[in-house]
Each structure stands twice: as structure tokens, then as C-alpha cells.
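Chains as they are written, first to last, in the numbering used here: chain A, 1 to 409; chain B, 410 to 482.
Hints listed in this document are in silico derivations from the structure and should not be mistaken for laboratory results. In this text, all values refer to a predicted model and were calculated from it rather than measured experimentally. Check each hint, because a few of them may be wrong.
[As the list claims (entries may be wrong)] Keeping only pairs whose Cα atoms sit at most 20 Å apart, straight-line, the calculated SDA-like set for lysine to any residue is:
| hint | chain 1 | residue 1 | chain 2 | residue 2 |
| --- | --- | --- | --- | --- |
| 1 | B | Lys435 | A | Arg39 |
| 2 | B | Lys435 | A | Pro41 |
| 3 | A | Lys232 | B | Met410 |
[What the hints assert, rightly or not] These stretches of chain A come out as covered by chain B in the derived footprint (C-beta under 8 Å, 3 or more residues):
| hint | stretch |
| --- | --- |
| 4 | 29-43 |
| 5 | 227-234 |
Ideal Cβ positions, reconstructed from N, Cα and C, are used throughout, including at glycine.
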Amino acid sequence: MGTSVTPLEALGEIEAPIFQTAAFGYASAEEMADVFAGRAPGHVYTRLSNPTTLALERRLTAIEDGIGALATASGMAAIAATSLGLLRPGDEIIAARGIFGGAISFFRNVLGRLNIRAVFVDGADTTQVEASVTDRTRALFVETIGNPAMDVPDLPALARLARARNIPLIVDSTLTTPELVRPGEHGAALVIHSTSKFINGHGTAIGGAVIDTGRFDWSRGPFEDVAAIARKAGAHAFLAHLRSVIARDLGGCPAPQSSFLMLQGLDTLSLRLKVHCENALALARALADDPRVAAVGYPGLASSPHFERAQRLFGERAGAVLTLRLGSLTRAFAFINALKSARRVANLGETHTLVIHPASTIFREYQPEDRLSLGVSDDLVRVSVGLEPFTVILADFRQALASAEKERE
Amino acid sequence: MKLVVNGTDVHVSDGINVSQLLVERKVRLPDMVSVELNETVLQRAEFETAQLHEGDRVELLYFMGGGCGTHAV
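Let's have the full structure, built from the sequences with the hints guiding it.
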């Protein structure tokens, strides 16, 4: 596995150049035919591959200790390509209930149109997951930390279950990044990232990725087309399947400049995550002790039902996203509106502290009872804790809570 | 020694392994290549240990997405 940072290394460049080109030229028809046939290496068209993006894929592969990666236009594009690369009409995928609303929507609405059934369960309850597995189940999908459920699945137990049923465990590690956990080390077959979040880190680009950890034997799995490719591509069969059929034909490729921005973000990921997580833990503790806050969801709090599992999987750092319950929709809106430093943004993982009201935004399309079953109550506020000095964040939250208190009066 | 690489006769240094073949043939993007030796796909970890012998048939395949798809399989 090459871990080269630079695609060319021809001019002594120390950062990946941005190959801002749609296509790549060839000297002869024969050379081009060889590349198209896979007999010779080469980039053809940026929808298929690009040197800047390849540099990002190498870095992601290295930090996840995988065997290869495919970068995509967004995290959703990674989920879409992975799902459509595995599932056929009549198949089922079991997904954790408390995950990102966009992923739930894709599983329900897009896969549902293709007669692929998504079964939503409590991802933190392995017994419930196991009870939902049928002969048609072709994959398990969880997030390392459910967003916004703030729950933590038992990755090793789910991996054992998946292995016993000969299906891949797909783990979205967007909220944790390889800084906190490498899902492959716990048996996950595929790792998904929305690189727009902590990997980019600055809110400047949209991107995603799927990394094959090498833990699943595609030659023996229930996916006939991937098994056929395994006869030529070996362990890289699924990525070859994505790269040369599924992702190629779906067209969700990253822009080269976005890939560059993700590479730049990776350089400081370790430093940023350290401060993100320290600030998040301190804020969660302070708010848990504040009588104006009805509940705090954060797996790094000792009072969280997911605390021990988070400690076991992630060590002392439980991510930088937390949720608050403020008693009512009115108070939640008043709190959000009163924040002076934190930003009202539909993103997470940026340098600034970001807040959003999930029920009226990401989960707006769901019926109220449906939202509640997903853990999205009307008084819930999601917070992505940033890198500001902690005293600034805490003062901002306290003044906003004081302002929201007036709504009660 | 003589090998058959992607259907073409090539002369390479005696006693080399697959990793050395990729270097000697100046194969670009070696982390993107799949190698089949005498119709057996090698895992990347085997590149260093797979010794090549006179007359071996080596297929180098790239899944870069061009038009290869499953047609190359």
C-alpha cells in the first residue's frame, strides 16, 4: 500500500497538486485502449479517477489501515454507491435507527423504490439486530456514534454477527474519524466517511469516502457480481466493482479541489479532534449540571448508557457532537436564536461551534411520532462543539440558556 | 529470464519477485494494480514473496474505472 502524499513527485511538490482537469490525454489510440481495458494504468476522466483524489484515497486508506478507498462527491454519495453496489431488489439491509436523517431517507425512499427493504433497529442492541437478520439480509449499517441518537453500537459484537451470517458490516465513522476509532480493527468490512465534517474540518468542501478494511472475503460473499470480480481483483473486488461499474456509472465523483481541501484537513485532524473532544466533554459536563437543561446526550458522560462502550471503543474521547433537550420547541428555538458565538448551521465538524434543531430541519419530512421513534424530539438541539476557547463557548451557552428561560416566564 | 506480461514476451532480471517486477517494468500506480500470476490472483502482501520463473504468465490489471468494468473480468 502506497501512502504517498503526492500524486506525481516529479517536481518536488510537497503538497498534492490540484489536477483541475476534466480529462487526460493519450498519445495513441492503442495506449488509450490499454488504459480502458485495464491493461495499463492511467487516468481517463475525473469522474472515474483523478490524481489529487487518488492522493486523498491513499491517505484515507493509510489512516484507516484499509486496503483501498474510493472518494466520492459527498458522504451520501458514498452511502449510495456502497448500498447500490451490494444490494439488489428483494434484499434487505439492517440499519441503526438513530442515524443521520439523510441516510435514513436514502434507505427508505431510494432503496425502497428499488424493492430493497431497510429494517431499522436499535443499533446499540445487538440482540435486536440479530433478531432482525433474515435470509435476505445482505448488510448491516451503523454509525460509530449515532447522529443524533448519541448511541454507540457494539462494533465487535456486530462484526461477529455479520461474520457468522457472511454479510458485511458497514460502519459510518464520520463522527469519530480514525483519530478515535478504526472500525476495521473491530471487524467492520467497510468504513464510510462524510469527509465534509471533521476530516475537512473547516466547512469548505463536500466529500465522502468508502474504505475497504480487507476484513470481508468478497470471493465467498453473497454478492455474485463482486465474487466474479474477486477472481481477478482478489481482496480489492468490491472497490474494483465500485470504481469500474457502480460509482463510475452513478457519477458522484469529488471535485479535485475538494480532494485537496480534504487532504489539507487531514494534516490537522489529530490536533483538532483533541480540542474538539476536550471542549465537548467540558460542555457536556457543565450542561448536565445545569438545571435549565432537561437532558444532555453525549456518550462521554458517565451518566450516558453508552459511556462504557464509548470508553472501550474510543478511549477517553467520545467525539464532539452532543444533544440538549430544553423542554419545549419554543425554548429550543429561543436558545438557538440567543446564541451569539455559535452558528446556526446544517453541518458539523467545523472549527466553529454549530447548532441545529433537527426536528424542523434534517428530520422535517418525518411525522412527529416517526421522529420520536428516531429519538428526535421537538425540544432537541444538536451541537457540534468547535475549537473556540472553552470559556467563550460556555459563556455563550449560559447566556442563551438564560435568554431561553424567559420563554418559560 | 523471459515472462509473458499481459500477453507480450518481456525480458526481466533473473530471480525477481512480483514487487521487483513492478519496479523493473516501471509500473505506474503500483498500489492500483491487481496481479495475476499463472492465473492465480495474488494478494498485495504476496507481491514481495511471489518469486517469478522463466515462462511465467503475469497479468496486470487496473481497475481505474475507464471502460474495464466487468468486461476485463
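Here's how the hints hold up against the structure:
no., hint, result
1, Lys435/B to Arg39/A, "holds (14 Å)"
2, Lys435/B to Pro41/A, "holds (11 Å)"
3, Lys232/A to Met410/B, "violated (25 Å)"
4, 29-43, "holds (count 9)"
5, 227-234, "holds (count 7)"
This entry does not satisfy hint 3, going by the numbered hints stated previously; all others are met.
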